[in-house]
Amino acid sequence: MIRFIRLLLVVVPTVAFAQAPVPTDSLARQASAVMRTWPALIREDAERLLDSASRRGVPLAPLYTKVREGAAKMAAPDVIVGVVRQLEAALVSARDILGPASSEGELSAAAAAIQSGIAAPSLRSLQSTLKSPGSLTIALVVLTDLVRRGVEPVVATRALERLASAGATDLTFSQFRLDVVNDLSSGVAPQAAINRRADDYLSRNLLLPGGRRPPPP
Amino acid sequence: MTELPGHPGSLPDETLPPSVADAVARQRPLATPVGADIDRVMRQVQVEAARRRRRRFVLAPLGLVAAGAATILILGDGVGAPTFEPESDTHPVEFVVDQPMASGLAVVGDFNAWDVRATPMTRSNDSNRWVVTLQLPAGRYLYAFVADGSRWLPDPAAPLAAPDDFSRRNSVLVVGDPRRSRQ
Chain X
1 MIRFIRLLLV VVPTVAFAQA PVPTDSLARQ ASAVMRTWPA LIREDAERLL DSASRRGVPL
61 APLYTKVREG AAKMAAPDVI VGVVRQLEAA LVSARDILGP ASSEGELSAA AAAIQSGIAA
121 PSLRSLQSTL KSPGSLTIAL VVLTDLVRRG VEPVVATRAL ERLASAGATD LTFSQFRLDV
181 VNDLSSGVAP QAAINRRADD YLSRNLLLPG GRRPPPP
Chain S
1 MTELPGHPGS LPDETLPPSV ADAVARQRPL ATPVGADIDR VMRQVQVEAA RRRRRRFVLA
61 PLGLVAAGAA TILILGDGVG APTFEPESDT HPVEFVVDQP MASGLAVVGD FNAWDVRATP
121 MTRSNDSNRW VVTLQLPAGR YLYAFVADGS RWLPDPAAPL AAPDDFSRRN SVLVVGDPRR
181 SRQ
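Those protein sequence lines, which keep their order, are chains X and S. Under the numbering used here, the first residue of the first sequence carries the number 1, and numbering increases by one thereafter. Under the numbering used here, the first residue of the second sequence carries the number 1, and numbering increases by one thereafter.
Everything labelled a hint here was simulated from the structure, so no lab data went into it. Just so it is clear, CB atoms sit at the ideal spot from N, CA and C, and this is done for glycine as well. Any given hint could be a false lead.
Stated by the list, open to error - Stretches of chain S that chain X covers, calculated by requiring three or more beta carbons in the stretch to come under 8 Å of a beta carbon on chain X:
1) 111 to 119
2) 153 to 163
Claimed, not checked - What the simulated footprint calls covered on chain X by chain S, stretch by stretch (three residues with Cβ under 8 Å from a Cβ of chain S suffice, anywhere in the stretch; the number is not a length):
3) 111 to 117
4) 140 to 153
With the rest of the complex left out, here is chain X (with noise of 0.2 Å):
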């Protein structure tokens, strides 16, 4: 205990409190401050796509940090927008999929989800199998990264679905993505890596902490 509060002394004064995050007034004004440095063909294309997605009722913010994130990234202005636009499409898509109540952070993680080639029927039947509330998000974002690291749309999908049929939560998602990357890490396949911890997950119990079981629905 005691060395672990020395740490803790040890680090305390290195961090540092930062302010609040930008909100999205606020970003749509640094967003147009990046758009008044176009060319005039392409900042109005820029404006017309966001006057667009705001009609559609589409949420703007990410797509304010798109631009923001392209300029500091030292991309070109049509990049940018080209980016943004499939962003744009990218969020109607996740809206018409989980439906208008979603929160903008499940659109989002549902837009990268749909960006990293996994298909609507997967995150219809991702999101209709939760039984935790508030997972979805997590869900998705660790659906994203497994497809991103190899294993494929379908399988990991399935497997997802399996453990949330069970009541895996939160915390049950983000420790089987760790499982899985160590495994990857250590050289073993994506397809069995995933089905191998979906297995033992539920074999196990370890969908909720302390190994105990959900709750009958």
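Chain X is already provided as a structure; the job is to place chain S on it using the hints.
Just chain S now, with coordinates in the frame of chain X:
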């Protein structure tokens, strides 16, 4: 029973996730983070403490960091977000990365409008670890580290984001209950 250093509460071991109990028992050092479910764990700690001691909870800086360490150890990836105030709108999130060769490091992401100058990190005195803590509302955020003003790095322990089409890789952070997101 498991008690977090600097925190006026404790829980029966069986109510903690095994990874938390194991981490606290082993007194392992800080690793990189993310906490999705830590809210629930810490609320449970707080409820237990309030019930037993019947006194107002006061958050000490050391307690915050200690609980942050527990959060980080739970998931061992991304960025942890412990909260001690269920009504709080923001969560302290600690970013940690080892970059021994860097002379300067910053974290950039959706939370600071990708401003490379907005959130510099601080090198800890005795290691090559760079650290910064932000107060973030619940939600999902993309982020990356920038070393020496130009070298972009994903968080090696965090989930990967979708391809960003800018030839860089981002990481993903989920803070608190994502249904209570920014908009």
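Evaluated hints:
1. 111 to 119: Satisfied; 8 residues make the cut.
2. 153 to 163: holds (count 5)
3. 111 to 117: It holds, with 5 qualifying residues against the three required.
4. 140 to 153: holds (count 6)
In the structure shown, no violation is registered for any of the earlier numbered hints.
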